[in-house]
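Protein chains: 2
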Amino acid sequence: MSDYQVFEAGDVLLQSDITLRDTELVYKTHGTLNAEGTNAIIYPTRYGGTHVDNEFLIGEGMALDPSKYFIICPNKFGNGTSSSPSNTPAPFDGPKFPRVTIYDNVMVQHRLVTEVLGVKRFVLAVGWSMGAQQVYQWACLFPDMVERLATLAGSARCAKHNFVFIEGVKAALTADAEFKNGWYERQPRIGLQSMGRVWAGWALCQEWYRKEMYRSLGYSSLDDFLTAYWDGIYLQRDPNDLLAMMDTWQQADISANDTFKGDFEKALGAITAKTYVMPGQTDLYFPPEDGEYEAEHIPNAEFRPIPSLWGHYAGGGKDPTGADQKFIDDSLTELLSA
Amino acid sequence: MSDYQVFEAGDVLLQSDITLRDTELVYKTHGTLNAEGTNAIIYPTRYGGTHVDNEFLIGEGMALDPSKYFIICPNKFGNGTSSSPSNTPAPFDGPKFPRVTIYDNVMVQHRLVTEVLGVKRFVLAVGWSMGAQQVYQWACLFPDMVERLATLAGSARCAKHNFVFIEGVKAALTADAEFKNGWYERQPRIGLQSMGRVWAGWALCQEWYRKEMYRSLGYSSLDDFLTAYWDGIYLQRDPNDLLAMMDTWQQADISANDTFKGDFEKALGAITAKTYVMPGQTDLYFPPEDGEYEAEHIPNAEFRPIPSLWGHYAGGGKDPTGADQKFIDDSLTELLSA
Chain E
2 MSDYQVFEAG DVLLQSDITL RDTELVYKTH GTLNAEGTNA IIYPTRYGGT HVDNEFLIGE
62 GMALDPSKYF IICPNKFGNG TSSSPSNTPA PFDGPKFPRV TIYDNVMVQH RLVTEVLGVK
122 RFVLAVGWSM GAQQVYQWAC LFPDMVERLA TLAGSARCAK HNFVFIEGVK AALTADAEFK
182 NGWYERQPRI GLQSMGRVWA GWALCQEWYR KEMYRSLGYS SLDDFLTAYW DGIYLQRDPN
242 DLLAMMDTWQ QADISANDTF KGDFEKALGA ITAKTYVMPG QTDLYFPPED GEYEAEHIPN
302 AEFRPIPSLW GHYAGGGKDP TGADQKFIDD SLTELLSA
Chain U
2 MSDYQVFEAG DVLLQSDITL RDTELVYKTH GTLNAEGTNA IIYPTRYGGT HVDNEFLIGE
62 GMALDPSKYF IICPNKFGNG TSSSPSNTPA PFDGPKFPRV TIYDNVMVQH RLVTEVLGVK
122 RFVLAVGWSM GAQQVYQWAC LFPDMVERLA TLAGSARCAK HNFVFIEGVK AALTADAEFK
182 NGWYERQPRI GLQSMGRVWA GWALCQEWYR KEMYRSLGYS SLDDFLTAYW DGIYLQRDPN
242 DLLAMMDTWQ QADISANDTF KGDFEKALGA ITAKTYVMPG QTDLYFPPED GEYEAEHIPN
302 AEFRPIPSLW GHYAGGGKDP TGADQKFIDD SLTELLSA
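Here the protein sequences come in this chain order: E and U.
Each residue of the first sequence is one higher than the one before, starting from 2 at the first, in our numbering.
Each residue of the second sequence is one higher than the one before, starting from 2 at the first, in our numbering.
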């Protein structure tokens, strides 16, 4: 993973009124910006993911074609590449890393794309999950820069039930005494495994488990899936990084800033992009109802749920048949040609 | 809670091939058995509940009217009243308490009602949640004894997704180092609070939280609800008791016995009772789809979901407007008059 670049953003005043010093925004670009600076796509990262995890939607012949577009994948703060609890020096390291909001992320990304990359506007802003939270924020803060918007299995603010789901995950992680309020000397392995097991029921839906669809991913039984996939999924992650990202997630609200002053509908109404709101039809934590509400309040939006049994994972194209990925790619192709 | 009686069941050979010694089944009856022994109702307990928690459906003028019926509420093994990890002497105490299945529960209940109470048959078998698991088992094992069946927000076997949800709860509880593999000297408070916080997202649905319906229960905010209700809900409970009940829950399958040998549809087909299958319409862990399947395979069943936003709690009549309780009571009145 040395295929990235770093934007040294210096001192960043956060919404929390803390100054994040020597801020680094790690990003990866695909393709080349044209002379007019008008073929750019912004594609931020999901929870727990880096720019590498974005690549399932990027490729020649796909909607996000690097031979046609200049695709920018900025890494979210807290994800372990950009400034995060795990890579920030004392006294802002570990559990003392300040709260960073979706707004904070987007404001630094704005500096990157305008000051460093020379981008004037985006033909498309797209993201999955927390990536969707970021592009919703982009589209309402900078409507003149975002021509098209596609939000995959995310929402413009964290719904209360979604907040509660994350509370459970956090509780499972931090229940491990090895966590030591974030000052662990070694991985709190039991907590990390527990949070994975809590997450397991949320990421995929009742019918997915009823049909034993883990078998399509190569797992031989439910126990095999829970152990091999979920118990292990967070073991390589830094707990404070995970918690910082969950905090960003829980605080997400595109209207929680001086521009919109908490008026959520006003923030949605400020989006001028041609928009596809694309929740997973069976997503338990970003359920389609929230997306439907958002689509109703965005002037030029179409509600286009992904018809899938893959729960939240529909937005990540994890279905091995490729059906969800194709649905998303076809939709993005259609959106880009509009 | 001294308003109960105890059936000393002696040695009980469990499905696990362990003998539970000096077995006690605690039960409470309401009303009087008629001379013919034909006005009895069996109404087992839910997860984490005792006979006291059953009383929301019992009262003069209600369907379960103790002036008309003899209502038997047997306490599930593991719930802290009947034989449980917390009240069984060594070497079967605490984490060494044997696995007790729904089948084991029902077989001891059968001895109680036939040998001790002189009941010939039930006009109704009814239960909520794990109570529903038990009455499904009653109705297929002893079809000649169960004239009518009502299953509230439960299922005849634990669906795989439901199993995964419970896995997350167990992981959160046992991640606390104070749990000490079940040999705790004091309450593993962090684990108990964490399991409550994990459960919070599952018990009630997305729309319930979206509408902030915790306010109707007297909680002033989401944080107030999570702290005052969920962080506290399990603190008075014994962790090994909770785990024993969760194991019973996860193993639930009315066909997992010598009578039906794992043929689930055959077990459902053996039920002759006039049956109302009554899941909560928005229940996330006993979703209506499982109940619909069961109703299709029970010869004389009607699928009658509770139209409620109260998730799993619909079956417990926890809606303070009384709407869910009334829907259930009206349905039971109708069923009893059929």
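Honestly, the hints are just simulated from the structure, not real lab data.
A few of these clues could be false.
Copies of the same chain look alike in the list, so a pair counts if it fits in one copy or across any two.
Once the Cα atoms are required to be at most 20 Å apart in a straight line, the calculated DMTMM-like pairs of lysine to aspartate or glutamate come out as [stated by the list, open to error]:
| id | residue 1 | residue 2 |
| --- | --- | --- |
| 1 | LYS121 | GLU37 |
| 2 | LYS212 | GLU290 |
| 3 | LYS161 | GLU208 |
| 4 | LYS97 | GLU266 |
| 5 | LYS97 | ASP331 |
| 6 | LYS121 | GLU293 |
| 7 | LYS212 | ASP4 |
| 8 | LYS267 | GLU9 |
| 9 | LYS267 | GLU303 |
| 10 | LYS327 | GLU9 |
| 11 | LYS161 | GLU213 |
| 12 | LYS97 | GLU179 |
| 13 | LYS161 | ASP225 |
| 14 | LYS212 | ASP264 |
| 15 | LYS69 | ASP225 |
| 16 | LYS212 | ASP330 |
| 17 | LYS69 | GLU25 |
| 18 | LYS275 | GLU303 |
| 19 | LYS327 | ASP4 |
| 20 | LYS121 | ASP232 |
Going through the hints against the structure:
no., hint, in the structure
1, LYS121 to GLU37, "within (8 Å within a copy, 87 Å between copies)"
2, LYS212 to GLU290, "between (24 Å within a copy, 13 Å between copies)"
3, LYS161 to GLU208, "between (24 Å within a copy, 9 Å between copies)"
4, LYS97 to GLU266, "neither (33 Å within a copy, 56 Å between copies)"
5, LYS97 to ASP331, "neither (43 Å within a copy, 56 Å between copies)"
6, LYS121 to GLU293, "neither (30 Å within a copy, 55 Å between copies)"
7, LYS212 to ASP4, "neither (39 Å within a copy, 45 Å between copies)"
8, LYS267 to GLU9, "neither (33 Å within a copy, 67 Å between copies)"
9, LYS267 to GLU303, "within (18 Å within a copy, 47 Å between copies)"
10, LYS327 to GLU9, "neither (36 Å within a copy, 63 Å between copies)"
11, LYS161 to GLU213, "between (29 Å within a copy, 8 Å between copies)"
12, LYS97 to GLU179, "within (17 Å within a copy, 26 Å between copies)"
13, LYS161 to ASP225, "between (32 Å within a copy, 13 Å between copies)"
14, LYS212 to ASP264, "between (42 Å within a copy, 18 Å between copies)"
15, LYS69 to ASP225, "neither (42 Å within a copy, 52 Å between copies)"
16, LYS212 to ASP330, "neither (26 Å within a copy, 34 Å between copies)"
17, LYS69 to GLU25, "neither (28 Å within a copy, 75 Å between copies)"
18, LYS275 to GLU303, "within (8 Å within a copy, 47 Å between copies)"
19, LYS327 to ASP4, "neither (26 Å within a copy, 63 Å between copies)"
20, LYS121 to ASP232, "neither (44 Å within a copy, 50 Å between copies)"
In terms of the numbered hints stated before, the structure departs from hints 4, 5, 6, 7, 8, 10, 15, 16, 17, 19, 20, listed from lowest to highest.
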